[in-house]
Each structure stands twice: as structure tokens, then as C-alpha cells.
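Kindly generate the complete structure, drawing on both the sequences and the hints.
As a plain string of letters, each chain reads:
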Amino acid sequence: MTVPVAIKQLYKTYTRRRWLGKNWEKPVLKDINLTLEENHVLGLVGESGCGKSTLCKVLLGIETPSSGQVLVCGKDTARISKSEFKKLRRVMQVVYQDPYSSLDPRMTVRQILSEPLDIHGLKKDRAERSAFLSELLASVGLSAAQLDRYPHEFSGGQRQRICIARALALDPKILVADEPVSALDVSVQAQILNLLKEIKTERRLSMLFVTHDFAVARFLCDDIAVMYQGRIVERAPAEELFENPQHPYTRALLSAVPSVRAPRREPPATRQEWPEREQWNCPFAGRCPYAQPSCEKAPFAFQEVAPRHSCSCGLLPFKK
Amino acid sequence: MTGTDEPILQVRDLTIEFAAEQGRLPVLHGLDYALPKGRVLGVVGESGSGKTVHALSLLRLLPPTAHICRGEICYKGKNLALLKEKELRKIRGHKISMIFQDPSASLNPVLTIGEQLTETLLAHRKLSKEAARSKAARLLEKVGISEPEKRLKEYPFQFSGGMCQRVMIAMALALEPDILIADEPTTALDVTVQAQILQLIKQLQQESGMSAIFITHNLAVVAGVADEVLVLYAGRCMEQAPAARLFADPQHPYTQGLLHSLAPVEKKVDRLPVIAGHPPVPGEPEGGCPFAPRCPFAFEKCRQACPPLFELGGGRRVRCWLQEGKK
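Quick mapping for you: the protein sequence lines, in order, are chains W and A.
Numbering-wise, the first sequence is residues 1 to 320 according to my numbering.
Numbering-wise, the second sequence is residues 1001 to 1327 according to my numbering.
Since the hints were made in silico from the structure, they are not lab data.
Be aware that one or more of the hints could be misleading.
Stated by the list, open to error - Sample of chain A residues at the chain W side, in silico, Cβ under 8 Å: (1) Val-1191; (2) Ala-1263; (3) Pro-1264; (4) Val-1269; (5) Val-1274.
Unchecked claim - To be clear about the criterion: a stretch of chain A counts as covered by chain W if any three or more of its residues have a C-beta under 8 Å from a C-beta of chain W, and this derived list gives those stretches: (6) 1194–1203; (7) 1220–1231; (8) 1247–1261.
For each residue, glycine too, the CB sits at the ideal point set by N, CA and C.
The following block contains the structure:
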């Protein structure tokens, strides 16, 4: 049994060609190793600009990796032919952040949901298609009567439901969700999160869930990987990560989450305070309040601190 | 909430309507509150609840289709709702200033940060350009931007989202206003940056003793900064209470629903409790409490008449028939 997604030593660098001189290069993903297990939700947490969305794009084949492998159901996405990739797209679907810009305003819900079926030549019989679409809408909590409406007639939460329905139309095994709730109101967020959890259990989906909100991650994710500046700095089962966070960056992120239940703890020291540490191997050194002189030469390496819990910080372990 | 505090801003029966094809759409119904000096009021609501319209109306920045049809906004004995445009200009940005949601969209991309900051200063104060520039540098330093002299010559695209928001705050505070209105100031930002910005606003607010109105859809954000919280729903104030009491013991079913639907960071839950249904669309025929169709406790009376705000003592007001007769 192959795992749905395995990412091995993935690097991605954006380059801009110049007429003269050296090309402009920006490494955005560095040495990413991840596996997404079956019927698991892997949460990818990090600030904007840390490479979360790029990782999604590489996984979906929108961007090509600079080096390394992305194996989806055992197939290397960079090596397979176009027709094989098309088959892979039935297995892997995506929900984006902004439900307002990811639906074509001039298409009805029926057209939106039919498009993936048309592309892959599925459910061609009209009656069968119609029944399928009604069922699909019902599964995301909308009614079949809404099939012939346009996106502008729906609220943000309902639009996100349509986006989810579109992703589910091909009955995928893997769902990539790039911040699917961060554009929504709090009360609507809860509805969409419940929905995602339900469909994950019902359809035995594996999900890559990108978010910057730890509260959301704790609710939905089975495993969590924390990203910082293109690297994964800590990886653990969700509960383990919240009970026993190890990396200083994870701890800073956790203490920054606003909460109505607990008063704010000490403010996170997460500003760029030590620019001279820029060249160190540890990407977080410039902001790390715990950094030691020994960090300067230490190589960037993962250590296992508990079963399935690994962390890239050498100053372990932190006590609770 | 000491009784001796003279309110710096008093809003009475503020009602705002939009002109639309279907006729007039009311978006704010008789909002009433007082903002004491040196306090922070948090206004919480979902999209469409009227929270942004309320913020814009305080400085009369409403779009042309909207107008204030009733009520008054009293600031130092002046009613801002009726003030002449010329008079109002002296107050906007000077006495009452505002920070908007998307910092990178609120700054002019073709002017340097320095030009934009000094513009505010030169418009309201008699200052030489050099004096304005050094004042601008001091302001940037105050909001935690290092090397202010160098940064003044830079353009907004060279700043990150959090830095842009710091510049916006510097701009809003340039003339030492009495009231700062912050409309979703951290929604577009990351959690760590959000924490820093919230802390910065709180710190500056305490240092200068100004008052602030904090508008957001996220209750958790308000919990950290506000002294008092007002919950808006469908253009009405549903509950108003001192922050600590509101979060410890919410009285209105809507507030309770909002609080419960927040995903907790402290523990894992299997299912998030949600508020069923969706908020009413403005212009729909009304009768009864706007929250009644979604309320788990609704009974006959709720569908017939909209409850008034019941005073519960301790600065607490709740718009719910369940509170009738309680003290």
C-alpha cells in the first residue's frame, strides 16, 4: 500500500532571468520531506511567505519542483506524461482560500459542478448527471433547488461549500485545502470546518490543510507540520504538538494565538531582532530568543524528540 | 466603568439607511452607546452586521447611497451627523482618526512613506517641511520601525503587511487624536504580526490616554484589547457589557453562539457547535427579534416583537426577551 502523498527532499527556487549578470534567485522551498497518510489530515502551519501555498502548487503540479520528488499514489508527478497527469487530477483536488474569486461569476452552480465531469467524461447521461449533482450539493449542505443559481446569489460560506462540492465531484482521494476558512466569518468558519471533518470521515479523504490559525489546525488536523522560511521546522501528531511544542518558532506562534478563554500570555518575541544571525544555518535564528552561540555552526537537522515527533532545533528539550 | 468618566463620544439612536432599487434598506437601527475617555470599545459582528457602516458614519465617510436618517454622534458638544463639511475636516484625522483593514490598499503606492506621513502633519499643523519630516521619523520610531530616516524614503511595496499597518497607525496617531477608530486592523495579518499590532495599539492607547473603537469579527481579538464590548447583529446592538463579564458569562444567545463556535486552541473537540441558519438580509420584512429564526431559545414573543435593550446592571445591556424581568 503506497501512501497518498510522499514528498522527498523537495526544493523549489523561483528564478528571474536577467539580460546581464546573474539571474535573480529566490529559494522558497528547501529540503521538504513530508508524507500524507491515508485518511489523515496533515496541517501545514506558518506565516505568509513561508512557502505553504508554493508547496500546494508543487503538489498539484501547477509549479514544477526544482529538485526532489513529489510522489502522488506512488507516481512521480514530474516524470509522468500529460495524459497520466490528467488521471492523477481525478485523485487530487483543491479548495482555495477566497470563495469570491475562485468561482466564475458567469457560470451557474450546475455548470461549475459539471465542468470537472465534462473534462473527464464522467456521468454523461443527463438524468444520471442531474441526480449526481443534486446528491453532491446535498452532501455539502446545499439544496438541489440552488443548482441553477449564480455565485453572486450565495454568501461566502455557501460559496465555499460550492467550491468543496466542485472538488468532490470527481470523488478524489486527496484534497488540498489552501486556507479554506480564513476569508470567512467566525460563525461560518465553524460550519465549514465541521463539513470538512464530516467529508473526510465519510469519503476517507486524505487532506493537506494549509492554515495560519492554530485553533483551526487543532480542530481538524491529525498531524501538523510547522513551516518557516521554506523549511519544515517541526512535525508531530497534532495533540503531541500542542501539548509539547518544541521549536521556539512553534512556541512563538502558539503564544500569539488570541483566545477568549485564556488571558494573553507574555507577548511573543518574534520580531527580526538579530539581523546579524541571518547567515546561520537555522532559519529562525534572526528571531529566536533562545539562540546560543553554538547555534551558529550547528547544521540544520531533524531530531526525533518523541515517537513521530521531530524538530529541527538543537536546544531540546523544552519543558512544559 | 466609573461613573465620573465623562464620555468623549456619545452615539444616540444612530440609524443609517442605504438607498437601493427596492427602496430604503436600513442597515443600522438605533445604535446607542457612550465611549468614555481613555477606554477601548470593541464592536463585534459578522459581515453584513453594520459594523463597518457604523465606523464610517462616525466620520461621515459613508458612500453616497447611504445616509444617516436619525440620531446623533456627539463629540465634545458637537453633533458630527449635522456638522458642516468644512468643520468636519478639522476633526477628521485630527481629533478622530481611523485605521482600515487592508494596510497595503490604504497607502498610496506612488508616494513615499515620508511624503504620506508629512502630508497629514502639514495639512493640520503649521510646521516647516523639515520639522514635519523629523516628527514623521519620530512617529515611525514610536510604532517600532527601525531606521526611520531611511524608511521614510521608501515606498509602500517595500514594506511588509505588518509594517504597512504600523505606518497606518503612525499616520493615525500623528496628530494625537482623542479617538482612534480601528476597522478590522489585523484581519489581513498573520497571527504573530497580529499579536504585535494589537499590543502596539493597546500600548500607544494607554500612553496617550486616547479612546479607541475596535471593530472586528473575531471575538478573540477583542478579548485582548477592549474594556467594553458591543455585539452587533443585523444592525442592532444585541449585547453590551464590560469585556471580562461578556466573555465569562455571555447573556445573549447570539453572543453565546459566537463564543462557542470559535475553535478552541486549548483542547481538541470533535465538533464545533454552530449557529444554525444565516443572518437576515437587509430589507427583508421584519417582525420580532432579528435573531429569532436562528435562536435555540426562541419562543412566541420573540417572533412577534423585537425586544428592547434590557439593562442588567453593571454596565450590561442585553436585547433578549429572556432577560425581561431579570435584574
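Let me know if the C-beta of Pro-1264(A) comes in closer than 8 Å to any C-beta of chain W, holds or violated. At about 6 Å, which falls below the 8 Å cut-off, the nearest Cβ of chain W leaves the hint on Pro-1264(A) intact, so it holds.
Chain W contact restraint for Val-1274(A) - C-beta distance below 8 Å: holds (5 Å)
Does Val-1269(A) meet its interface restraint, that is, does its C-beta lie within less than 8 Å of any C-beta in chain W? holds (6 Å)
Do three or more residues of the segment 1220–1231 of chain A come closer than 8 Å to chain W, measuring C-beta to C-beta? Check passed, 4 qualifying residues.
Is the interface hint for Ala-1263(A) satisfied, with its Cβ closer than 8 Å to some Cβ of chain W? This hint holds: Ala-1263(A) lies near chain W, its Cβ roughly 4 Å from the closest one there, short of 8 Å.
Satisfaction of the Val-1191(A) interface hint, Cβ to chain W closer than 8 Å: holds (5 Å)
When I compare C-beta atoms, does the segment 1194–1203 of chain A have three or more residues closer than 8 Å to chain W? holds (count 5)
Within 8 Å of chain W (C-beta), three or more residues of the segment 1247–1261 of chain A: Coverage by chain W holds for the segment 1247–1261 of chain A (5 residues, Cβ < 8 Å).
Of the hints listed earlier, there is not a single one the structure fails to meet.
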